[in-house]
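Colleague: Mind docking these for me? Both chains are given alone in their own frames, and the hints should help you get the complex.
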Amino acid sequence: MNKFSLPDQYRKYYHNLEPIIQKPKTKLYSTIIFFFLVVALFGWYAIKPTIQTILYLRREIVDKQAINKKMDEKIDALVQAQTNLDTIQKHLVYLSDALPPNANAVDAARQLQTVTKTTIASLSALQIASVPILTESSGSAGTKTTESKYNDFPITLSLVGPYTDLSTILYGILGMRRIFRIDSMTFSQEKESVGAPSNNIQLTLKISGFYTPR
Amino acid sequence: MKSDRDLFLISLFTFVTVLSWIFFELVKTTKTSTVSAPVTQLVTPLTPTLDTDTLVILSNKKAY
Numbered sequence: 000m001n002k003f004s005l006p007d008q009y010r011k012y013y014h015n016l017e018p019i020i021q022k023p024k025t026k027l028y029s030t031i032i033f034f035f036l037v038v039a040l041f042g043w044y045a046i047k048p049t050i051q052t053i054l055y056l057r058r059e060i061v062d063k064q065a066i067n068k069k070m071d072e073k074i075d076a077l078v079q080a081q082t083n084l085d086t087i088q089k090h091l092v093y094l095s096d097a098l099p100p101n102a103n104a105v106d107a108a109r110q111l112q113t114v115t116k117t118t119i120a121s122l123s124a125l126q127i128a129s130v131p132i133l134t135e136s137s138g139s140a141g142t143k144t145t146e147s148k149y150n151d152f153p154i155t156l157s158l159v160g161p162y163t164d165l166s167t168i169l170y171g172i173l174g175m176r177r178i179f180r181i182d183s184m185t186f187s188q189e190k191e192s193v194g195a196p197s198n199n200i201q202l203t204l205k206i207s208g209f210y211t212p213r
Numbered sequence: 000m001k002s003d004r005d006l007f008l009i010s011l012f013t014f015v016t017v018l019s020w021i022f023f024e025l026v027k028t029t030k031t032s033t034v035s036a037p038v039t040q041l042v043t044p045l046t047p048t049l050d051t052d053t054l055v056i057l058s059n060k061k062a063y
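Same order as they appear, the protein sequences are chains S and A. What the first sequence shows, in numbering that gives the first Met the number 0, is residues 0 to 213, in sequence order. What the second sequence shows, in numbering that gives the first Met the number 0, is residues 0 to 63, in sequence order.
Bound-form chain A, shown alone (with noise of 0.2 Å):
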């Protein structure tokens, strides 16, 4: 009767193992980003205005 019961506790715990190892794996597939590096590099945003006022004080400076 002992064994039997130990056997059940070993597949129990088994089971609960099992069972955590594949929740953790489904929220570490959920939370991982599946975008490279190299595409999150290429639609970091670009701001398209440019320092005009520079070039206005450039232009007002003496060239010689």
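For reference, chain S alone in the conformation it holds in the complex (with noise of 0.2 Å):
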């Protein structure tokens, strides 16, 4: 026996199998079915792969070209921002004044007490809501506005004097550079210990300040 040929008892097998082998139309199916299934393989296998990755590194390209264009965009405006900056730098204190960091309710009393003296009118009574000392980064007091870019804390004024004087005020108040928002004022006649009424009115001011917790 030849040592490639098949064993006398695999040989029966064969035998069986080569007639339907050397029909025309197995041939036919059997070169079509490898075809496709080799096809399949060699598709999922080596060409997609392939192409995949030439894919990518073209869409990889033309991302970082984009990107280094708004990049460079970018940079310019920074430039331009920063050339901005320097030329406004002296008057970024004036910022702080309208809102500083934190609450500073001493000092907005005594500012709104010094708008108060520049009249006659006289201020009976300041109230101001509790307020931080520090204030965290996240604006954790006071009432948080716009999602919390600036906080509110509210004070009361009680004034009394004659109308030219409180419109003074009420004036100063509003030209103040710290930002005071008047919420409500109510007007009443003041009454004298007698009981007659007066010449003064009394003016009760809700306003709210404001600050910007850094």
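Because the hints were derived from the structure by calculation, they are not lab data. Keep in mind that this is a model prediction, so the values were computed, not measured. Some hints could be false.
Heads up, simulated DSS-like pairs for lysine-lysine below, C-alpha to C-alpha not over 25 Å straight-line [said to hold, decoys possible]:
1) S/LYS47 with A/LYS1
2) S/LYS22 with A/LYS1
3) S/LYS89 with S/LYS148
4) A/LYS1 with S/LYS68
Quick list of the computed label-pair ranges, beta carbon to beta carbon [stated by the list, open to error]:
5) A/ARG4 with S/LYS63: 47 to 57 Å
6) S/SER197 with A/LYS60: 30 to 40 Å
7) A/THR13 with S/LYS26: 17 to 27 Å
8) A/THR33 with S/GLU17: 21 to 31 Å
9) A/THR39 with S/LEU84: 17 to 27 Å
Ideal Cβ placement from N, Cα and C applies to all residues, glycine included.
Modeller: Right under this line is the structure:
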């Protein structure tokens, strides 16, 4: 027996298969079936990773070019912003005056008192709600306004004086560099001790002070 | 003969499935951005203009 020939016990199976394999139709089907299977296998394990890598690299080049362009634009914008900032550097203190980093309630009270001292009207009461002395950057205290960009705290003022002076005080508050918002104001006639009405008006003013936790 | 036809159909459908799979994988690769989220955040446009009018208004206001 030839060493490459089949053993006798399996030879009969080959003899049975041989006429089937030799049929032209079976040959044709086998060729097509194996063609599809080989192409599918080759496509999945060889062609797909290659084309995928090519497409990924091409996409990466396009993305990197776009990023590079945007980075250049941003660098130009940053340089321009730095120039603008240097130009207005000396005016930046006004921002801190207008919106200090913490409540500075005592300073706010002092400023309001100074405004009232410019007239003959008297400041009979000044109340400030409890405000934090130091504020965390998260702005945990005070009333948060617009996604905690700034906080506010209420102040109540009681003023007594002639209308013109009270009007001057109101304009003075509105003209202060520190930002205050007038929430409500109530005018009432002041009564003298004997019960007769005087020329003075009592003004109850509710305002809000603002600060920006940084 | 019927088994030949069945095998042919199975191989054909396998072939078509694999080709479709490859095609959609390649489309996905083309469409997916390679830029990471931190880089996208870094390149968000910046407007360099500053509101100097507000500063002028503030400078005209009175500080006590």
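Colleague: Output the numbers, in ascending order, of every earlier hint that fails for this structure.
Modeller: Hint check: 1, 4 and 8 fail, others pass.
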